[in-house]
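> Let's have the full structure, built from the sequences with the hints guiding it.
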Amino acid sequence: MRGNDRVATHNCHSRSNRESRKVAAFDGLSNMELLLNSMVLPVTFPLAAGILCLLLPKAFDRARSVLATVASAITVLIVCRLLLEWKQLPGNAPMILSGSAWGSLRLDHLSSFILLVTTVFGFLISLYSMGYMRGKERLREYYAWLLGTIGIACGVILANNLLLLLIFWGLLGFALYVMIGIAGPEAAEAAKKSLIIVGGSDCLLMLGVTIVWVLADTLTLSSIRMDLADGIRYVAFFCFAIAALAKAGAMPFHSWVPDCGAQAPASVAAFLPAALDKLLGIYLLVRLTTGMFVMNTAMNTLLMLVGAGTIICAVMMALVQHDLKRLLSYHAVSQVGYMVLGIGTGTALGIAGGLFHMLNNTIYKSALFLCAGSVEKKTGTTDLDNLGGLAKVMPLTFVSCLVAALAISGIPPLNGFYSKWMIYQAMVDSGRNGNCLWLIFLATAMFGSALTLASFVKVLHAVFLCKRSAELRHRDIREVGFSMWLPGIGLACLCVIFGVFAYQLPLATMIFPAVGGVVQLSGAWYASVATVLLLAAYALGVLVYLLSTVRKARSCNTYIGGEIMEEVFHHKGTDGKVENVEVTGVDFYKTVEDLSPLREIFGAARAKLFDIYDLGGKVSAYFWEILRAAHGGLLPMYLTWVLAGLLVLLWMLFSGGRVAI
Amino acid sequence: MDLGYLILQVLVFPGLLFTAVAGLITSWVDRKVTARVQMRVGPPFLQPFYDVLKLMIKETCIPAGTARGLFLSAPLFGMAAAALASLLIWRAFLVPGQTFSGDIIVILYLLTIPAVSVILGSFASQNPLASLGGSREMKLLLAYELPFVLAILVPVIHTHSIRLFDLLAAAPAVYKPSGIIAFAVAIICMQAKLTLVPFDAPEAETELTGGAYVEYSGPPLGVFKLTRAMMLFTMPIFLVAIFCNGIAFDKGALPILLGVLKYLGLVVVVVLIRNTAPRLRIDQAVKFFWGPVTLAALVAVIAAFLGW
Numbered sequence: 008m009r010g011n012d013r014v015a016t017h018n019c020h021s022r023s024n025r026e027s028r029k030v031a032a033f034d035g036l037s038n039m040e041l042l043l044n045s046m047v048l049p050v051t052f053p054l055a056a057g058i059l060c061l062l063l064p065k066a067f068d069r070a071r072s073v074l075a076t077v078a079s080a081i082t083v084l085i086v087c088r089l090l091l092e093w094k095q096l097p098g099n100a101p102m103i104l105s106g107s108a109w110g111s112l113r114l115d116h117l118s119s120f121i122l123l124v125t126t127v128f129g130f131l132i133s134l135y136s137m138g139y140m141r142g143k144e145r146l147r148e149y150y151a152w153l154l155g156t157i158g159i160a161c162g163v164i165l166a167n168n169l170l171l172l173l174i175f176w177g178l179l180g181f182a183l184y185v186m187i188g189i190a191g192p193e194a195a196e197a198a199k200k201s202l203i204i205v206g207g208s209d210c211l212l213m214l215g216v217t218i219v220w221v222l223a224d225t226l227t228l229s230s231i232r233m234d235l236a237d238g239i240r241y242v243a244f245f246c247f248a249i250a251a252l253a254k255a256g257a258m259p260f261h262s263w264v265p266d267c268g269a270q271a272p273a274s275v276a277a278f279l280p281a282a283l284d285k286l287l288g289i290y291l292l293v294r295l296t297t298g299m300f301v302m303n304t305a306m307n308t309l310l311m312l313v314g315a316g317t318i319i320c321a322v323m324m325a326l327v328q329h330d331l332k333r334l335l336s337y338h339a340v341s342q343v344g345y346m347v348l349g350i351g352t353g354t355a356l357g358i359a360g361g362l363f364h365m366l367n368n369t370i371y372k373s374a375l376f377l378c379a380g381s382v383e384k385k386t387g388t389t390d391l392d393n394l395g396g397l398a399k400v401m402p403l404t405f406v407s408c409l410v411a412a413l414a415i416s417g418i419p420p421l422n423g424f425y426s427k428w429m430i431y432q433a434m435v436d437s438g439r440n441g442n443c444l445w446l447i448f449l450a451t452a453m454f455g456s457a458l459t460l461a462s463f464v465k466v467l468h469a470v471f472l473c474k475r476s477a478e479l480r481h482r483d484i485r486e487v488g489f490s491m492w493l494p495g496i497g498l499a500c501l502c503v504i505f506g507v508f509a510y511q512l513p514l515a516t517m518i519f520p521a522v523g524g525v526v527q528l529s530g531a532w533y534a535s536v537a538t539v540l541l542l543a544a545y546a547l548g549v550l551v552y553l554l555s556t557v558r559k560a561r562s563c564n565t566y567i568g569g570e571i572m573e574e575v576f577h578h579k580g581t582d583g584k585v586e587n588v589e590v591t592g593v594d595f596y597k598t599v600e601d602l603s604p605l606r607e608i609f610g611a612a613r614a615k616l617f618d619i620y621d622l623g624g625k626v627s628a629y630f631w632e633i634l635r636a637a638h639g640g641l642l643p644m645y646l647t648w649v650l651a652g653l654l655v656l657l658w659m660l661f662s663g664g665r666v667a668i
Numbered sequence: 027m028d029l030g031y032l033i034l035q036v037l038v039f040p041g042l043l044f045t046a047v048a049g050l051i052t053s054w055v056d057r058k059v060t061a062r063v064q065m066r067v068g069p070p071f072l073q074p075f076y077d078v079l080k081l082m083i084k085e086t087c088i089p090a091g092t093a094r095g096l097f098l099s100a101p102l103f104g105m106a107a108a109a110l111a112s113l114l115i116w117r118a119f120l121v122p123g124q125t126f127s128g129d130i131i132v133i134l135y136l137l138t139i140p141a142v143s144v145i146l147g148s149f150a151s152q153n154p155l156a157s158l159g160g161s162r163e164m165k166l167l168l169a170y171e172l173p174f175v176l177a178i179l180v181p182v183i184h185t186h187s188i189r190l191f192d193l194l195a196a197a198p199a200v201y202k203p204s205g206i207i208a209f210a211v212a213i214i215c216m217q218a219k220l221t222l223v224p225f226d227a228p229e230a231e232t233e234l235t236g237g238a239y240v241e242y243s244g245p246p247l248g249v250f251k252l253t254r255a256m257m258l259f260t261m262p263i264f265l266v267a268i269f270c271n272g273i274a275f276d277k278g279a280l281p282i283l284l285g286v287l288k289y290l291g292l293v294v295v296v297v298l299i300r301n302t303a304p305r306l307r308i309d310q311a312v313k314f315f316w317g318p319v320t321l322a323a324l325v326a327v328i329a330a331f332l333g334w
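Sequences listed follow chains A and B, in order.
Residues in the first sequence are numbered consecutively from 8, following the working numbering.
Residues in the second sequence are numbered consecutively from 27, following the working numbering.
Hints are supplied without guarantee of correctness; some may be wrong.
Chain B is faced by these chain A residues, among others (derived, beta-carbon under 8 Å) [to be verified]: (1) Pro419; (2) Trp428; (3) Leu446; (4) Ala537; (5) Asn564.
Derived from the structure by calculation, the hints contain no laboratory data.
Just so it is clear, the structure is predicted and the values come from calculations on it, not from any experiment.
Even for Gly, the Cβ is constructed at its ideal location relative to N, Cα and C.
Rendered as structure tokens:
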């Protein structure tokens, strides 16, 4: 573009002020060089590949899925290369690409970790989609938007300019809308709801950006640091926080997540609400609370309140769901509560715990959604009433689902337990610093974890362990193909590895640096040692089994009341229909549901009294009714309005500046 | 940390073997006291050992068409977790300096694993009675978890630490009114955690014929029984540690004797409750725990905040 050579290389710069180091300047690059710059490439490459996917004709659907998978794998490599490049900077200073035209890009510990996780998940979802989406409609748009979403998300993470962030953030909301809609016309309502809630929060983000721009006189994210000194700054903070929480799906901005999760294709649900939107929402929240704003106790307590409320309300809703994907979506909401709770403590340990929980949630929640997708692919339903007995025929899916379910319930030594344990500890610490509600939050969080276990126990029973439902009994169901079970198994392994080697792997390399590296753990929970001990005791038990009669175990029918169960329970009714008298597990918590105050609350929740979308709809409908009266369809009426408006304008014009427009 | 030494600890003392033997002895105490209450003679001292050994040589039956791996592993995981929990508690007694902050939370979570293993094992049985038993076990867990956590947190508020060692070093929680209420709540929750009468709905011999365990036989059933015995030992020890300073091993013989007496006293309370109360239906149990028991726990928490 321009001739002057202002491209600075990484190593020859050693200014004292690290923040102002410019790794490269836009002005010195040609357009092509700019697009291929290692910091821009994670954004442009997937977008370009997405456009290619869009251009391929319909006959090449198979090639398109391969192309998308390869492209997302290459994106991971591009990000890895960028991270290596960044690691070579002296002192691990943030890597900055600045310029006037686009704003600037910035890579530091926090964004690098989120960037890597995002692209890895993009790859896993593409791989899974090869099997899951095969033979479905609108694949062209699906893959184009999948890759596009990866690129846009990278843009959000790298952006160091609030306007740039806002643009990518808005695009992501739109991508969500399109990708939910791909499931077909029945998903249109869910897509619209998501667009309105997420888009509404985008408007607030826009307002927040404007306020911050006026107050701080800059749009550069890394140089903004504000005290919550007066009302307008609180407004700005709330605007940003609501945008972050709505994206992550925390209450009361959660109601798009269950609809989206239930209606969208399972791969989309696993990628967007379960993984990516959590990553980005929590990323923005951490940026807000640790960078842009100086938090005070009241705001931290408010965040913790939102977190604790989200945990308990969402998990209660999950407990009584009948649809697998909807149930998982409520957990996607509930888990956000733990992250917000951790960040709300305001301590380094709590924020690290929140970030770690975000990573863990991404892993196990995606695994669960992928399992739900596999079940749906093979049985054609996700209704818990009509499933059952899949453990024997889909063992790999079952194992990955079991591990992920135990991890999300916080069973030690899996990863979910480690991050929860960090958050709990941070809460006790925050109690020492004068927060008096910590105990209620702590008890809520631990109780929420028991409720999570309860709802997953129900899932495991209804989908995998109980006898097959009448619909499935005579169907030949097999395990899903390689590309579909591999991501699930891989994620389940990660659940184990990140739990057992939590300190050595994710915490020391990614998460502690992201919160500044000063995390105090007074004598850690040695998950790896504990695992060895558990396995040792387990192995002793296996030894006992091997020495005893278990080797020659006899397989026998299940009897009930002295009769073979199948014969008693599966007779045909008088109308020729097979009666299914079995316990499916769907109504396990009927007794809990029917307890006195809970019954009314569940009733209100079913009537959508807590849904911000429906409430907002009712409020705006009220105003519509008033405005509608003005639209009577009568020409004289409209002419009167026009004339009145004209008169007002004239009066303003001629009143000579006394009325400010 | 010497890993080999720790493995020996978890397998022998104070882990698996020690807990199992102590638990079986405790279950003998339970049976003997129960017999006395019912004007019977009661079993000989070694009867609980004979029972478990007998199960080890009985035939194993596995329901056809089930997930065999889960069916067989579930009891083992419960046993392993109980052993590890016991190890963590006893290490706080024996080598106080080496415990870590937050170990109470780890122990709390480990102590739920035996219940989880019973639930998963019962579901893998593919029998409606077992499924119902498992679901009741789960509901019971939901019911007592909230008041139990609140009660455990009362001493934590007193000392501002979630490290078991700090609780052992501080003044016992039961010296304060809030501690007494919390202790009572915790005892009731323990009764449910051990699924003893009045909270034995998951097994309910008369209606579910053993419920969760209905399809289990031979060694896997033996392991379940052993885990129950281990929990019968570990749970009272945990409560004694949390609320009454546990057992002090570094101050001579008298404090050790005192500690053992505290433990035995708690066991006798458990046995007496189980012999004098009728079984509650599961919905009554849930209502009971979420209603009055949680209320009492909250009162204790508020009192603890006020320093009482």
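> When the nearest CB of chain B is found for A/Trp428, is that gap smaller than 8 Å?
holds (6 Å)
> Minimum Cβ distance from A/Ala537 to chain B below 8 Å?
holds (6 Å)
> Under 8 Å is the threshold here; is the Cβ of A/Asn564 close enough to any Cβ of chain B for the hint to stand?
A/Asn564 check passes; min Cβ-Cβ to chain B is 6 Å, inside 8 Å.
> For the hint on A/Pro419, does the least C-beta distance to chain B fall short of 8 Å?
Interface hint status for A/Pro419: holds (5 Å vs cutoff 8 Å).
> Measuring from the C-beta of A/Leu446 to each C-beta in chain B, is the shortest one below 8 Å?
holds (6 Å)
Hint check: no violations occur; every hint is consistent with the structure.
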